[in-house]
Amino acid sequence: MAKIKSLDELRRIKTSASDLTAARSSNAVKVIVGMGTCGIAAGAREVMDAVLKEIDKRGLKDVSVQTTGCIGMCQEEPLLDVIYPNKGRITYGRVTPEDVPRIVSEHVVNGRIVEDLVIARVDD
Amino acid sequence: MYRAHVLVCGGTGCTSSGSHGVMDGLKSELKKQNLDDEILVVQTGCHGMCEMGPIVVVYPEGTFYCRVSKDDVPELVEEHLLKGRTVERLLYTGEGDVHVPHYSEIPFYSKQERVALGNCGYIDADKIEEYIARDGYEALGKVLTSMTPEDVVEEMKTSGLRGRGGGGFPTGLKWSFCAKSPGPKKYVICNADEGDPGAFMDRSILEGDPHSIIEGMMIGAYAMGADEGYIYCRAEYPLAIKRLKRAIDQAEEYGLLGENVLGTDFSFSLHVKEGAGAFVCGEETALMGSIEGRRGMPRPRPPFPAVSGLWGKPTNINNVETWANVPSIIRRSGAWFASMGTEKSKGTKVFALTGKVKHTGLVEVPMGITLREIIFDIGGGILGDKKFKAVQIGGPSGGCLTEDHLDLPVSYEDLAKAGAIMGSGGMVVMDEDNCMVDVAKFFLEFTQRESCGKCVPCREGTKQMLLLLKKICDGDGTMEDLAQLEELAHMVKDMSLCGLGQTAPNPVLTTLRYFRHEYEAHIKDRSCPAGACQALIRYRIDQDKCKKCGLCAKNCPVNCIDGDRKTQFVIDEDACVRCGTCYDKCPFDAILKL
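First to last, the sequence lines map onto chains H and V. Per the numbering used here, residue -19 is the first one in the first sequence, and the count goes up by one each step. Per the numbering used here, residue 12 is the first one in the second sequence, and the count goes up by one each step.
Calculated from the structure, these hints are not laboratory results. Check before you lean on any hint, since a few could be wrong.
[What the hints assert, rightly or not] Derived DSBU-like pairs: lysine-lysine, alpha-carbon spacing no greater than 30 Å straight-line:
hint, chain 1, residue 1, chain 2, residue 2
1, H, K(-15), V, K256
2, V, K196, V, K324
3, H, K(-6), V, K138
4, V, K397, V, K604
5, V, K122, V, K196
6, H, K10, V, K324
7, V, K122, V, K369
8, V, K535, V, K397
9, V, K42, H, K(-15)
10, H, K37, V, K94
11, V, K481, V, K535
12, V, K253, H, K(-15)
13, V, K38, H, K37
14, H, K33, V, K38
15, V, K168, V, K191
16, V, K138, H, K33
As the structure is a prediction and not an experimental result, all values here were calculated from the model.
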């Protein structure tokens, strides 16, 4: 590894290293994928893969991705929830991997809800 | 991008309860489920709650699992990591059998304030990048680029930090002495020779956050004009030594340690010296002798190390916890640190809570917190809901405090006034079954054995004191013995060469002060009120409660219990060796301890 020759270089390493521990902080936008048996059968794993890939591609640091079990809306699976700070919890239904880039760019990055995919919302 | 991080404790406590197996199991199970690209497994340092280990924390939720075994791993992966469902049975169980899923809600942690332990249990100690991600080496960069050495010393003075190794000397003042000493060659030393029975806070910091010590020492070296340092760590801490050496290698590879650090003209080299584990080597002058290759024995001061230390050069020695606090103080300011604690005892202190308390482990609390809060709120109270009797603070050199002191704020001054010391922070809780004479004997046995023998008061004095204590515990003591014990204790305290001898009588003096009636009971009534001193207890069988099952007779190792199912069972008191086996084995509580 290259020698760090200044404080600025140290800070650059800090920025690139911050995702090492970012998942351990809780002030992030949360993306939650339903991974009950119903979710997995409907293709939630592929959705999850797409979410991780998209976050990686965009280099997003302050996003946490979680899984959750069945919440009873099995017919709408795969379910994907986004909790944006102070904007309540939005549930998207029948999400395909192709929908993921749109949800991430619109909602996760810019805080704009992708209305045509929303099936439920819980306000703060 | 990892969506979840699974932190497995790799401290010595959890390692011995099987955390390595859990870690390996997790890795292979994640691979099997194709989750190894999504979920990161991290081995961290100690979380402090050692008796609940192995501990596993899952982020981002911060779910806290305890007593996880290798067999629990498949369920944990399938349920939590794949399906997002918490595995209830592995959660911490609090008051009223309620599961507590989150770290921050567990009473053990909620009253704590973690500074020195801030990264312990949170980062992978083997990855310098994780330390850097948590603002690591930022403070070093700050002092090298924007502060003069005098500024750094002033900031340390402002913080009010006092030596956490036991002495409690103001750190900034100590640094200023060494900084003012003339000479081109100076040393800084980290005293990691932690040897108090029941103390393990230094070990946990070394294992869980080694870079904080390296960074702290470098900041100190810059402030005092030193270019070389030693970490003196006892060889009984192999994991700590391994992690330290790896941390030093990584810091060197990054150029954070060595020549021209961060492009400045500050250079520093650091060595680890393994000590053979003699208690006296925690004394700074003995420690330096040991580094120089001599037998570890103290020498009179002055000259103080700040003037003439290692190889005759000006030297500054601080303990692990002291150094670990330095980066945070520089980064967040001395005033921030001074905002915690009491008027003269600033900041936080790490305690190793052990003995008859429900939650043993490491706790870091703001100074000024009461003993009651530490023992009952954080520690959960006394094991088996027995009655609290005393707490021994400060290791073998500390003192025993009583129930009357439970509301005492923990600070250097208040503890000293009560006859105890902060010491390194060992805290041993005792209940009604502990005999205080026996406790004093236990600690004196330790210091007597560890005395280096250089000065007469410590070598001969502690030996004579121990003989007197044994005599009293055996029921052969007289009131003259008690007077002589007290006189000797004062003499050893006043006349010994170093801190070991000067503090060795503390357990005796404090128990004499607060539990004199127990000493007198041993002498006058020939009885041990706590029922702990073997020579003074008698076992007898309560014939009303006895169901004549014969378990006692069957288990007695010296066959001194006679009888059969038709007649009575009786203990032959002359032949009895008072081992207590019958007392422990009787299912009907029919054995009386007199």
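Evaluation of the provided hints:
1. K(-15)(H) - K256(V): holds (22 Å)
2. K196(V) - K324(V): holds (6 Å)
3. K(-6)(H) - K138(V): holds (13 Å)
4. K397(V) - K604(V): Since the Cα atoms of K397(V) and K604(V) sit roughly 17 Å apart, the hinted pair holds (cutoff 30 Å).
5. K122(V) - K196(V): Distance ~44 Å between K122(V) and K196(V) Cα, so the pair is violated.
6. K10(H) - K324(V): Violated, at roughly 56 Å.
7. K122(V) - K369(V): Satisfied, since the Cα-Cα distance of roughly 16 Å is no more than 30 Å.
8. K535(V) - K397(V): holds (27 Å)
9. K42(V) - K(-15)(H): violated (38 Å)
10. K37(H) - K94(V): Distance of about 25 Å is within 30 Å: holds.
11. K481(V) - K535(V): Status holds; Cα separation ~16 Å.
12. K253(V) - K(-15)(H): Since the Cα atoms of K253(V) and K(-15)(H) sit roughly 27 Å apart, the hinted pair holds (cutoff 30 Å).
13. K38(V) - K37(H): holds (25 Å)
14. K33(H) - K38(V): holds (22 Å)
15. K168(V) - K191(V): Answer holds: K168(V) to K191(V) is near 15 Å, not above 30 Å.
16. K138(V) - K33(H): holds (25 Å)
Taken one by one, the earlier hints fail for this structure at numbers 5, 6 and 9, listed in ascending order.
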